[in-house]
Structures are given as C-alpha cells and as structure tokens.
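S.K.: The lines below spell out each chain.
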Amino acid sequence: MNNEGKFGLIETISIVTIVIVSKILFTSESVVVDFVGTAAWYMTLLSCFTSIIFFLILYILMKRFPGKNLIEIFQLVTGKIVGKLLGFLFALYFLYYAGSNLREFIEMIKAYSYPYTATSLFLVTFIIVTLLLSYKGLENIARISYITLIIFIIGISTILLLALPNANFLYLRPYLGYGVKSTLYYGLLRSSSYDEIIILALIIKSVHGLKNFKIAGLISLGIAGLVSSISLVIYLAIFQHDMGAENLSGMFQISRTIYFNIYFQRLESIFLFTWVITSLVTVSIGFYVSISTYCKTFNIADHRPLLLPFSFLMYIIALKPKDISEIIYTNMAIVREYSGMLLYLVPTLVLIIAFITNKRGVVNNEEKA
Amino acid sequence: MKRKLSLLIILLILFSLFSGCKDSTEIDENVYTIVIGLDKGSNDNIVLTIQYPQFKSSSKVTSGSSSNTSVDSIETSSILSGIDEFNMAISRNVSLKHTKLIVFSEELAREGIGKYLAPLARFREARRSMFVAVSNGKAVDFINENRSSISENITKSVELMLSQAKGTSYFPFIIFHTFYKNMLSPYGETIAMYIGVNNLSGLAIGKADIPHSALETDIKPGELPRTGGVKREYVGTAVFRGDKMVGYLNPYETRYMSMITGSFEKALLTIVDKKSPGDVIPLDVRLGRKPKISGFFNKGTPIINIKLNMEADIGAIQSRINYEDPGMIEDLNNQIKTYLETEIKKMLTKTQEEFKSDVFEFGTIFAAYFGTIQEFEGYDWLKHYPDAKINLDLTVSIRRTGLIIHSFPVLGTPKTK
Amino acid sequence: MKNAFLKKILTPISYKNIPNVKEFYIPEVNENAEKSKENLEKEISVSGSINDNLNFIKTAFNFENNKDIIIREFKLQNKKDAFIAYLDGMVDRNIINNFILRPLMNDPSSLNTEDSIFERVIETNQAKKLTIQKDVIYGILTGDTAVYLDGKDYYVLCETKGFEKRAVDKPHNEAVIKGSQEAFSENLRTNITLIRKIIKNNNLTTEFLEIGDENRNLCAITYLKGIINPAIVDEVKRRINGIKTDFINGSGMLEQFIEDSPMSIIPTVLSTERPDVVASHIVEGKISIIAEGTPFAIIVPITISALLVSPEDSALRWQYGTLLRIIRIIALFLATLLPGIYIAITTYHQEMIPTELLLAIAIARENVPFPTIVEILLMEFSFELIREAGVRIPGMLGTTIGIIGVLVVGQASVQADLVSPVLIVIIATTGLANYTIPDFSFSTGIRIIRLFFIILGAFLGFYGISIGIVILLSFLVDMKSFGVPFLSISIPKTRKSFNKFIKYPIWKQELRPDEVNPLKLRRQPKVSRRWIQENPKSSYDRKDEDE
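Protein chains in written order, with the working numbering: chain A, 212 to 580; chain B, 238 to 654; chain C, 17 to 563.
Possibly wrong hints are sitting among the right ones.
To be verified - Straight line, CA to CA, 30 Å or less: simulated DSSO-like cross-link-like pairs of lysine-lysine:
(1) C:K496 to A:K217
(2) C:K536 to C:K553
(3) B:K512 to B:K582
(4) A:K321 to B:K259
(5) A:K217 to A:K533
(6) B:K334 to B:K241
(7) C:K213 to C:K194
(8) C:K194 to C:K83
(9) B:K583 to B:K529
(10) C:K83 to A:K347
(11) A:K533 to B:K352
(12) B:K593 to B:K457
(13) A:K392 to B:K241
(14) B:K403 to B:K334
(15) C:K216 to A:K416
(16) A:K531 to A:K425
(17) A:K291 to A:K274
(18) A:K533 to B:K587
(19) A:K533 to B:K259
(20) C:K23 to C:K91
(21) A:K347 to B:K334
(22) A:K321 to B:K544
(23) A:K531 to A:K347
(24) B:K259 to A:K531
(25) A:K533 to A:K321
(26) A:K321 to B:K468
(27) A:K217 to A:K531
(28) B:K468 to B:K536
(29) C:K241 to C:K260
(30) B:K277 to B:K457
(31) B:K544 to B:K626
(32) A:K347 to A:K279
(33) A:K217 to C:K536
(34) A:K217 to C:K253
(35) A:K291 to A:K217
(36) B:K574 to B:K593
(37) B:K468 to B:K527
(38) C:K144 to C:K216
(39) B:K239 to A:K347
(40) A:K422 to A:K533
Derived by calculation from the structure, the hints in this document are not laboratory data.
Can you build the whole structure from these sequences, using the hints too?
M.R.: Next comes the structure, spelled out in structure tokens:
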C-alpha cells in the first residue's frame with residue numbers, strides 16, 4: 212500500500228525539522244516575547260521538552276502497532292467511523308495549517324518588499340510550486356527538504372553571527388520575565404508549536420522502521436528547540452523585551468540592522484532567499500501531508516487527482532482572514548497554541564483506549580517488507 | 238480539447254505573472270533621499286527637508302565646491318505625508334530606501350520627537366541603520382551646508398563623516414535602532430549626535446578671548462575655532478529624557494561617556510604639564526580592558542562601581558622634561574589619573590543632577606536584582622538614577638613613549654628678557 | 017549578333033508565343049516500399065551455384081547503376097570459377113591483390129580439398145565463413161571482401177578494411193595543459209584501441225551492437241568485467257537494442273535515444289572526446305558507449321559532479337584541483353543567476369545594494385531609452401548572435417571574433433547610450449562564467465536556465481528567483497542517470513566520497529564511487545604510498561651525526 216517511496220534518516224529529520232523551525236522566521240518570535248518577556252528563551256525549551264514527552268507517548272502507541280501508520284491505528288482502536296472522522300480532522304487541520312502559513316508569508320512579504328503587488332499573484336505562483344512539489348511525491352519533497360535545511364542553517368547562522376556586535380546580553384535581565392506562572396502556562400500552551408512532529412507518525416511507512424522514527428523525532432525536536440532558543444536569545448539581546456514585541460518579523464529586522472562599515476551593510480538578501488525557500492517547502496509539506504492523510508483515511512490509492520480541489524480549498528483558507536491582526540491572533544493562535552489539543556491529546560487518548568481494550572498490533576510479515 | 242484547456246491554463250498563468258510588474262520601478266525613476274531634516278513649522282506642522290543626489294554624470298558638473306545634490310523643503314504634518322506631497326513637485330518618486338541621516342532641530346527635540354520617529358519605525362523603506370542627529374540651529378540650514386569639499390560623492394562623505402564617530406569619539410555613533418530602542422527602554426535613556434553650522438569666523442588670529450585650548454571648553458556645534466572648506470560640523474552629544482532633549486554634552490564629556498559605555502576606541506587627550514605650566518602633554522589614550530561595572534543596593538540606594546583601565550602612549554612632551562624615566566612615568570600616570578578622575582566625575586554629576594538621565598544604561602546591572610519584569614518596571618530605575626552613588630576606580634598606565642625613549646632639553650636658547 | 021541581342025531584350029515584352037515549360041515537382045507515391053526489405057530480413061542461406069550468387073550480389077547492390085560495387089570473376093588454377101565482391105574505396109587494394117587473388121590464382125593447393133581454401137590458401141589475418149546471405153551483404157558494406165567459389169555453399173569474408181580515416185588528433189574542445197593530447201576520431205576501431213592502450217586489463221570487454229535500420233551503424237560498449245555491476249551492462253544493452261529508427265550517426269543522436277529524461281535541459285550522460293577521461297570512468301565502474309561517426313564517447317551512469325570536472329584535475333595537485341573546482345562551482349552559480357539577480361535588485365529591491373553602486377547605475381542609465389529588461393534581453397541576444405557567428409566565420413577570425421566582437425559591440429552600445437556600462441560587465445562576466453563549465457551540453461543547458469531566471473526576476477524580483485530555484489531543485493533531485501540519482505553528492509547520502517566536492521589527494525582516494533554499486537569497492541589500501549613507512553636504502557639517523 213505504500214507508494215510513497217522510502218528515504219533515509221537524514222531526510223526524515225530534514226522534513227520535520229524544516230517544518231518546525233521555519234516559524235521563527237515569521238511572527239512567532241515577537242508574539243512569544245510579547246507573552247513572556249525576557250523568559251522567552253527558556254520558555255521555548257520548556258515547550259520543546261513537553262513536546263518530547265508527548266512524542267514519547269506517540270512512540271509507545273506506534274510501538275504497540277508496529278508497521279501501521281497513525282490513521283490505521285485510529286481505525287483499529289476506535290472503530291472505523293470514529294477513526295475515519297479523526298483522520299479527516301487531521302487532514303483538515305493540516306490544510307488549515309498550510310493555508311494559514313501561506314497567508315502569513317504573503318502578508319509579511321507584502322509588508323516588507325512588495326507593497327503594491329496583488330495578493331492573488333503571490334497565491335497563484337505559490338500554489339503552482341506547491342502543486343508541483345506535491346505532484347512529484349514524498350521522496351522528492353524529502354530530498355528537497357534536506358537541501359533546504361542546509362540553506363536554512365547557513366542563512367540563519369550568518370544573520371545571527373553578523374548581528375552579534377549589536378547584541379547586549381545584559382538585556383536578558385530580569386531573568387524571570389513576567390513571572391514563573393505565566394512562563395509555565397505559555398510554555399505548556401506553546402508546545403503546540405512543535406506539534407508538526409506528528410507528521411512522522413503519518414509517514415512512518417516511508418521511514419525505515421520504528422527505531423529510525425524515534426531517533427528522527429528526538430533529533431528533530433532537539434535541533435528545533437536549540438535553534439529557536441538561540442535565535443530568541445540573540446533576538447532579545449538585540450531588541451529588548453519591549454521593542455522586541457513590536458516587530459512584524461524578528462529575524463527580518465535583525466538582518467536589516469546589520470551595519471559594519473560603508474562597504475559591509477545591507478545584507479538582508481541572504482535572509483530573503485532563506486526565508487522564501489523555507490516557506491515554499493514548509494507549505495508544500497503541510498499541503499502534501501494533508502492530501503496524503505486524506506487518502507490514507509479513505510483508502511484512495513492515487514493522490515494526484517485530489518491536488519487541484521485541495522489547492523482550491525487552500526486558496527480559500529488563505530484568503531479568509533481579513534487582516535494581519537486576525538492572522539496573528541486567530542489563525543496563528545489556533546495553529547501554534549491550541550492545535551496541541553488535537554494533535555497531542557488525541558493520540559494520548561487513543562493510547563489509553565488501546566490499553567484499556569487491550570488491543571495490540573499484529574506483526575504482519577508483508578507489512579514489514 | 239485537452240490542448241485548448243492546457244493553452245488556456247498557460248495563458249492564465251502568464252497573464253497573472255504580468256500583473257506583478259506594479260512593484261517594479263526602474264532605478265532612474267526614483268530619487269534616493271540621503272538626509273531628512275525636520276524643523277518646527279507653524280501650528281503643529283513640521284517643515285520637512287530632503288537632500289538627494291542628482292543624476293548628473295561627473296563630466297558635466299563644473300567645480301568641486303558646488304554640490305550635485307538638491308535640497309527641497311515642504312511644510313507638512315508628518316514625514317510620510319511630506320514625502321507624498323513632494324511627488325507634486327519632484328519629477329521622480331521620492332524614496333527613503335537609502336536615507337543615511339535624520340536631523341531634528343533643537344527646538345523640535347526639546348518638545349519631544351517620539352511622534353515623528355514612530356512612523357519611521359513602521360515604514361518599510363526606512364532602515365533602522367540610519368543615524369539620528371539633533372541640530373543646533375535649523376535643520377534646513379545644516380542640510381544646505383551638508384556637502385564635502387573633498388569630492389562630489391555626497392553619500393560617501395556622509396557615511397565616512399559618520400564613521401568618524403568610531404575613530405575619535407567626539408560625537409556618538411547612534412543609529413536609529415539604538416535611539417529607538419533606548420527611547421522605549423526601561424534600562425536607560427537615549428542620546429543623539431549634536432550637529433550644527435559654523436560661520437567660520439572663530440579663528441581670528443590674535444584675538445585675546447580664546448581660552449587655552451588644553452582646557453576643555455564647553456563647545457557647542459558652531460563654536461569650533463576653525464576655518465575650512467565646509468561649514469557643517471558634528472560636535473558633542475544631545476542628551477534626552479524619554480523623547481525630549483534636556484541638554485548636551487560637549488565633545489570632551491562625550492569621550493568620557495563613551496569610555497564608560499565601552500564604545501571608546503581611541504582619543505588624543507591633552508593634559509597640562511604640572512611641572513612646567515604653559516606646556517601641555519598630548520597622549521594617545523585607549524581602553525585597556527572593557528570597563529567593569531557592577532552595582533548593588535545598599536539600604537535602598539543603588540551603588541555603582543565603575544572600574545576603568547586606560548592605557549596611554551605619549552604623543553609629545555612640550556617641556557622636554559624626561560618623563561620617560563621609570564620614576565617619572567609613575568608621576569605622569571598620576572597626573573593623568575587625577576585629571577581624568579576629576580573630569581569624569583564632573584561629567585557623571587552633570588548627567589545625574591542637571592540632566593537626571595541615565596545615558597549609560599546602568600539599569601541593566603540592577604535588573605538582575607529583580608525577579609520579574611513587573612517588579613523592575615514597578616521600581617522604575619530611570620527615576621532612581623539621580624539617587625545613585627557612583628564610585629570610580631581608574632587606573633592609567635603609559636605603555637609606550639613613541640619613538641623617543643629619553644628626552645633631552647634644548648640647549649643654547651637665548652633667554653628672553 | 018545584334019539581332020540575337022535585340023531579340024533577347026524584346027522577348028519578354030513581345031506577344032510571341034513563349035513555350036510553356038513546366039516546373040519540377042515531387043509526385044506522391046504509395047508507401048508500400050517495405051517489400052524490398054523483407055528479403056534482407058529473412059535468413060536465407062547461400063545457394064550452391066555461382067550464377068545464383070552472382071545474381072544475388074548484383075541485385076542486392078544495384079550493380080547496373082551502382083558503380084561502387086566491384087565483382088571480379090576469376091578462375092582457380094584455370095579450372096574452377098570464383099569471384100570476389102567488394103566496395104571500391106572501402107578496401108585496401110594491396111591486400112586483395114597480394115593476399116587474396118594471388119594465392120587463389122597461383123597456389124596449386126587451392127584446388128585440392130574442399131574447406132581448406134580458407135585454412136591454407138587465403139592469406140588474410142581474419143577470414144570468416146558466412147552461410148547467411150544478409151551477413152554477406154553486411155560484410156561487404158563494412159569494407160571486407162567476399163570470396164565465393166563455385167560449388168560451395170558459403171562465402172569467405174576476408175578482412176580488408178582500408179577506407180580513408182582521420183588520424184589521431186589533438187582534442188578540439190577539451191584542451192588541457194598537463195594531460196594527454198590524444199583524442200578520439202570517427203573510426204570505431206581506433207577509438208577502442210586508444211582506450212585499450214590505457215587499460216591493459218584482460219577483463220576489459222567490448223561488445224558490438226548495431227544501431228540504425230537504414231545506416232546499420234556500429235556502436236561499441238566497453239566495460240571492465242569484475243568491477244562494474246552487471247545490472248548496468250544489461251540495462252545499457254537493453255536500451256540500445258530497443259531502439260528502432262532509421263538513421264543514427266554518432267553518439268550525439270544515440271545519447272538522445274537512450275537517456276533517461278529526454279525532456280530535461282541538463283544532460284544525464286557525459287560526452288567526451290578524450291580517452292583518458294573514458295578510461296578513468298571505466299575503472300570506477302561505469303560503462304562507455306562509442307558510436308561510429310563522431311569522435312565522442314558517452315559515459316553512463318554519471319552524477320552532476322562528473323559534469324563539472326575537467327580532465328586536468330587528476331593530473332594536478334589536490335590544492336589546485338580543489339581551488340579550480342570551487343571556482344567552477346561559483347562560476348556555475350554566476351552563469352545561472354547573475355543577470356536574474358541584477359534585474360531583480362535594480363527594479364524591485366533597490367535597498368539591497370550599497371548607495372554608491374546604486375547611484376553609479378542610475379547615472380549610467382540616465383540616457384538609456386530602454387527599460388532594464390529590454391536592455392538585458394537585447395545584450396543577451398546580441399551575444400548569442402556573436403557566439404553563433406564566431407563558430408562559422410572561417411579561419412583565424414573565428415576565434416578572435418568571439419571576444420573582441422563582444423567587447424567592441426558592447427563598447428559601441430555604451431557610447432551610443434543604448435545600454436548602460438554596468439550591464440556590459442554583467443553580461444561579459446556571465447558569458448565567461450558560462451565558458452568555464454567543462455561540458456558543452458551542460459553549458460548550453462545553463463543558457464536556457466538563465467533565460468528562465470531572467471524572466472522570473474523581471475516579473476517577480478527575488479521572490480520569483482527563489483521560486484525558480486525551488487522548481488529547478490525539484491526537477492534536479494528527481495533526475496536519474498541509469499539508476500543513479502543525479503544529485504548524488506549530497507542526496508541520498510552515500511558513503512564518503514573522495515573526489516566530489518573537495519578533491520582529496522590522489523594517494524587518499526580509497527574507494528570507488530558508491531552510487532554505481534561496483535563489485536569491488538576499494539581501489540587503494542589505506543596506505544597507498546608504502547615508501548613512507550619504510551626506510552630508504554641509503555639513510556641515516558639524523559640525531560647521531562656529528563656533521
């Protein structure tokens with residue numbers, strides 16, 4: 212049943228890491244600093260840690276049913292109808308995720324570089340690239356995400372290193388932010404910003420086995436947490452906690468303040484390329500996972516006829532928010548704060564139900580092949 | 238049918254691509270503002286002045302002194318509306334993408350400039366790496382004199398002049414990002430460059446009322462005793478509280494300020510020779526180590542300890558006394574130390590008592606004693622800065638004496654009667 | 017005479033009858049010409065009578081009209097009839113005269129026993145017995161001589177190839193300074209010999225395959241048995257045998273038939289005219305295909321790093337090799353992206369270049385009447401014209417016109433204020449960067465990709481260029497060359513490769529490239545210079561010398 216191809220450990224890590232870590236290039240940093248102030252850098256580590264715990268719960272669930280992906284487990288444990296409903300919800304969530312990210316990207320690029328260009332132009336060209344990548348399949352996306360991860364790491368490190376002379380690490384004081392309670396609360400809530408790790412469970416048949424699944428998940432979450440935390444430390448050191456909550460995009464502003472001397476300035480084109488390429492790949496991955504989950508839920512063999520209808524739906528979702536404030540406070544709040552209820556709690560509940568009803572997966576030899 | 242459908246789709250895509258050209262502008266369809274100036278106008282208006290280079294190729298410009306920039310002014314309500322209204326008179330689109338300097342007049346600065354900076358922070362074209370300066374007179378006068386006698390390349394002159402701040406520290410290196418950040422900051426207050434226009438008449442040889450130049454006089458922009466090719470000058474710092482200007486530091490005090498904040502690179506300090514009054518000793522000083530600043534609370538009073546370590550090279554000994562002797566070097570060290578301590582303490586007192594403004598960002602030291610941001614902002618460090626006690630621990634060591642290791646006196650000079 | 021002259025002038029305007037002369041046109045015919053082929057397809061054996069065979073040869077080669085085929089009838093020892101048939105010009109006449117005709121006509125033993133004709137009498141170094149008619153035809157066509165004796169049911173085909181061919185010459189397109197200076201020629205046997213001179217290994221196998229139905233061309237595949245993975249050999253043979261077309265001349269056409277993704281702009285086979293390149297790839301576990309007719313060999317399977325490597329890299333020290341490789345990769349990026357980035361920056365993102373540069377460009381553009389995109393397309397087009405013309409201008413002018421013409425046209429356009437000088441620098445740099453790419457097909461492909469990026473940059477700025485990069489990447493990662501993923505330097509991850517990006521010293525290249533899965537992976541032991549570990553013959557211990 213698996214026609215998605217197989218790929219190795221590094222590519223698995225790249226797919227999930229690039230999806231999780233691309234959000235630091237958007238409004239995520241400013242919103243986090245707005246909530247918790249100077250405690251942002253360890254709040255994100257707390258979120259990462261929570262997310263690792265939920266991932267281990269997911270791993271236990273996957274280990275109980277070896278060789279099956281998450282949708283099949285839902286159908287096995289909770290019955291066909293509820294299972295199909297859950298799969299459908301997941302597909303819908305990822306479509307919403309892709310559409311919201313798309314809209315956030317468009318708003319940002321129109322604010323910074325292209326104020327007078329029509330939104331539909333960005334939408335159409337972006338969706339064309341997404342369609343192309345999704346048409347070619349998961350192996351193609353995995354290989355591109357490996358290259359994109361390299362580009363991302365090089366771009367971000369360059370920007371952060373070049374911006375270091377402007378940084379004053381004393382701005383990280385007072386260390387507790389707005390209070391330990393608010394840090395803990397937002398830390399737990401924002402663990403949803405790492406919940407794209409569940410993509411691994413949906414594509415597990417292309418990953419070589421459960422051991423790779425666990426290693427890939429842990430390494431991806433580790434890298435994502437580390438990169439987010441370091442970028443937040445430097446962000447807070449350059450902008451303080453009050454000005455840091457103001458910016459539309461933290462990283463873009465950092466790249467605009469790089470000024471060494473008359474010849475070495477204006478280096479934000481590095482950031483622009485990194486950011487556009489990463490966003491293209493992130494939205495494509497979200498879109499592809501949505502279609503793939505839908506196909507797995509309803510046992511559709513070929514995902515390609517669904518590409519155009521889903522892209523139309525994504526177009527609608529991207530155009531629905533009225534303005535940038537709605538995107539930040541509604542869409543991104545759902546995607547980065549409340550989505551954990553769907554993506555983390557549902558597998559946990561399914562695991563509990565599986566314990567109670569004592570269902571176990573049958574080791575099927577043909578699945579292992 | 239299939240072919241027609243695919244052709245239709247391709248045409249749709251192509252046509253949608255063409256509509257993207259709305260954002261594309263040719264390079265020569267814009268003029269690129271280099272300097273913006275803001276003056277007080279009538280009835281809450283401001284007078285916006287822009288200076289932009291002209292696109293004349295160098296073979297057509299006549300002589301070096303006439304600049305190839307154009308200075309335009311308009312009275313308007315805010316910067317953005319002014320830029321827009323300029324499009325009624327200037328044939329190309331005015332673009333702020335390459336603005337290097339923004340100048341406020343002192344009148345406007347003393348009333349508060351926060352409301353003029355806010356739109357620049359939000360506007361996509363204005364970069365946060367432009368410099369902020371306050372002008373002693375009107376901004377438009379400064380901008381009219383903003384040219385260089387060395388070359389016609391105005392952008393290079395502006396940028397190189399601004400980078401002189403790093404070399405001599407007579408005026409601070411403040412970009413918009415730093416200014417805006419410190420304006421909003423609970424840790425300290427902001428400063429700006431203090432600039433002005435000199436009418437080049439201060440250097441009358443033989444005039445009796447110019448004090449000894451070794452004494453650091455309280456010079457304002459426009460008062461440098463010099464003549465030269467251009468009239469504009471950058472002299473000292475403008476000190477703010479919040480977004481209102483409350484005073485200025487003269488260039489010598491600016492140097493001491495930058496010693497404490499750590500941005501000091503090198504300077505030429507001149508002290509009067511105690512063993513031979515009437516002669517001076519210029520020294521090349523720099524920071525030996527980054528200043529160590531620590532602070533603690535003593536019964537509610539903040540105590541700040543500053544440890545400065547300066548190194549110096551002897552520039553000249555006018556009196557030809559043999560200061561290079563090991564015993565005498567210690568004496569010279571002490572002379573420098575006494576001098577610097579007095580001056581730095583004077584400057585610190587000035588910021589505490591006269592300006593009541595913490596331009597050194599000592600707040601970052603004390604923020605460690607508070608747990609959460611609410612507590613720190615509740616304490617309001619900026620109000621408590623004048624109560625702080627500042628202790629200065631200064632060590633000066635002369636490292637090198639230039640190319641001469643032993644000074645001998647001049648022999649055979651006839652005694653003056 | 018005057019009358020004739022006058023007549024000539026007056027004829028077009030007079031009312032005399034002008035004879036009605038018809039024009040030539042090509043009439044339509046029914047396409048049922050397949051019948052003549054069927055005779056040759058069937059495997060008809062040689063008949064026993066000399067007249068039948070004579071008729072057979074004469075009809076097969078259109079003897080009445082075709083003056084190339086020569087049939088020489090003679091008698092053996094004045095008793096038996098025989099003839100030889102050959103194509104004039106394809107054979108070496110000395111061999112026929114001295115070693116076929118003379119012994120047959122003079123040697124007394126030629127009449128004695130039946131089959132000893134070709135064991136004892138004919139004195140050529142290769143002689144084959146042919147019993148199928150179409151093999152005889154093919155043999156004559158390749159330049160051999162067919163000998164037939166009356167009463168036998170076979171022909172003897174003697175090797176007498178002696179057609180004109182080009183001598184081994186210097187390579188025209190892949191010149192190096194320190195490598196060998198021999199290049200392939202159009203003749204298949206010469207080419208294979210050049211490879212054999214370098215690889216003196218008994219496992220070096222050459223298989224011949226026939227391609228092209230009407231021109232019956234030969235192609236040779238060469239591989240090193242025992243190192244290459246046999247699956248590659250099978251796949252290559254399967255693809256070549258599966259070609260059904262009428263005319264294939266040379267490797268250029270052949271590669272288009274067998275390559276994996278014919279719609280891709282970037283080639284997936286390496287085409288080279290140097291035998292040392294072919295030899296180094298064969299030893300690494302790849303296969304080389306040489307088709308008769310062009311002096312190029314095709315090497316499969318390859319990855320993208322093979323297209324960026326010059327044959328000189330292995331002859332130089334690793335430091336120079338690495339430096340040159342880095343320069344080539346930078347040149348690749350410049351050649352693809354530079355004009356696109358220029359137009360994107362100057363029209364959409366003017367804040368991303370330093371102010372000085374911006375003002376210099378603006379001042380230069382002040383008098384130019386065209387928008388930037390038209391300038392760029394104009395200059396690109398004129399440079400392509402100059403390049404194409406430079407290929408065809410005869411003699412010494414051809415090579416110089418390329419560079420001088422570019423500069424002169426550029427300079428003149430700048431003086432006339434048609435283009436800005438910055439643009440000339442950009443286009444010239446791009447052109448030079450394009451020429452540093454060693455492979456010709458690849459650099460032509462890059463030209464097309466560059467055009468694509470210029471259009472994207474002009475319509476959408478940096479966003480368009482990023483989209484172009486992602487689309488290009490997504491096509492690149494999918495390309496495969498005979499089962500090997502094209503972008504194998506990084507994806508999928510293979511074992512550490514010693515010769516891809518940074519060139520390791522030659523004494524450290526221990527493994528063969530992993531992606532072709534050769535049968536023997538290790539090519540050098542860990543210590544390949546054993547002389548380091550031993551003491552030299554005359555040596556001394558430096559510590560205890562008093563000198």
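S.K.: Decide, hint by hint, whether the structure agrees.
M.R.: Tested hints:
no., hint, verdict
1, C:K496 to A:K217, "holds (16 Å)"
2, C:K536 to C:K553, "violated (34 Å)"
3, B:K512 to B:K582, "holds (24 Å)"
4, A:K321 to B:K259, "holds (12 Å)"
5, A:K217 to A:K533, "violated (41 Å)"
6, B:K334 to B:K241, "violated (46 Å)"
7, C:K213 to C:K194, "holds (19 Å)"
8, C:K194 to C:K83, "violated (49 Å)"
9, B:K583 to B:K529, "holds (20 Å)"
10, C:K83 to A:K347, "violated (58 Å)"
11, A:K533 to B:K352, "holds (28 Å)"
12, B:K593 to B:K457, "holds (20 Å)"
13, A:K392 to B:K241, "violated (63 Å)"
14, B:K403 to B:K334, "holds (24 Å)"
15, C:K216 to A:K416, "violated (48 Å)"
16, A:K531 to A:K425, "violated (37 Å)"
17, A:K291 to A:K274, "holds (21 Å)"
18, A:K533 to B:K587, "violated (53 Å)"
19, A:K533 to B:K259, "holds (23 Å)"
20, C:K23 to C:K91, "violated (65 Å)"
21, A:K347 to B:K334, "violated (41 Å)"
22, A:K321 to B:K544, "violated (49 Å)"
23, A:K531 to A:K347, "holds (28 Å)"
24, B:K259 to A:K531, "holds (24 Å)"
25, A:K533 to A:K321, "holds (15 Å)"
26, A:K321 to B:K468, "violated (43 Å)"
27, A:K217 to A:K531, "violated (36 Å)"
28, B:K468 to B:K536, "violated (52 Å)"
29, C:K241 to C:K260, "holds (28 Å)"
30, B:K277 to B:K457, "holds (21 Å)"
31, B:K544 to B:K626, "holds (14 Å)"
32, A:K347 to A:K279, "holds (24 Å)"
33, A:K217 to C:K536, "holds (26 Å)"
34, A:K217 to C:K253, "holds (29 Å)"
35, A:K291 to A:K217, "holds (28 Å)"
36, B:K574 to B:K593, "holds (26 Å)"
37, B:K468 to B:K527, "violated (36 Å)"
38, C:K144 to C:K216, "holds (27 Å)"
39, B:K239 to A:K347, "holds (21 Å)"
40, A:K422 to A:K533, "violated (45 Å)"
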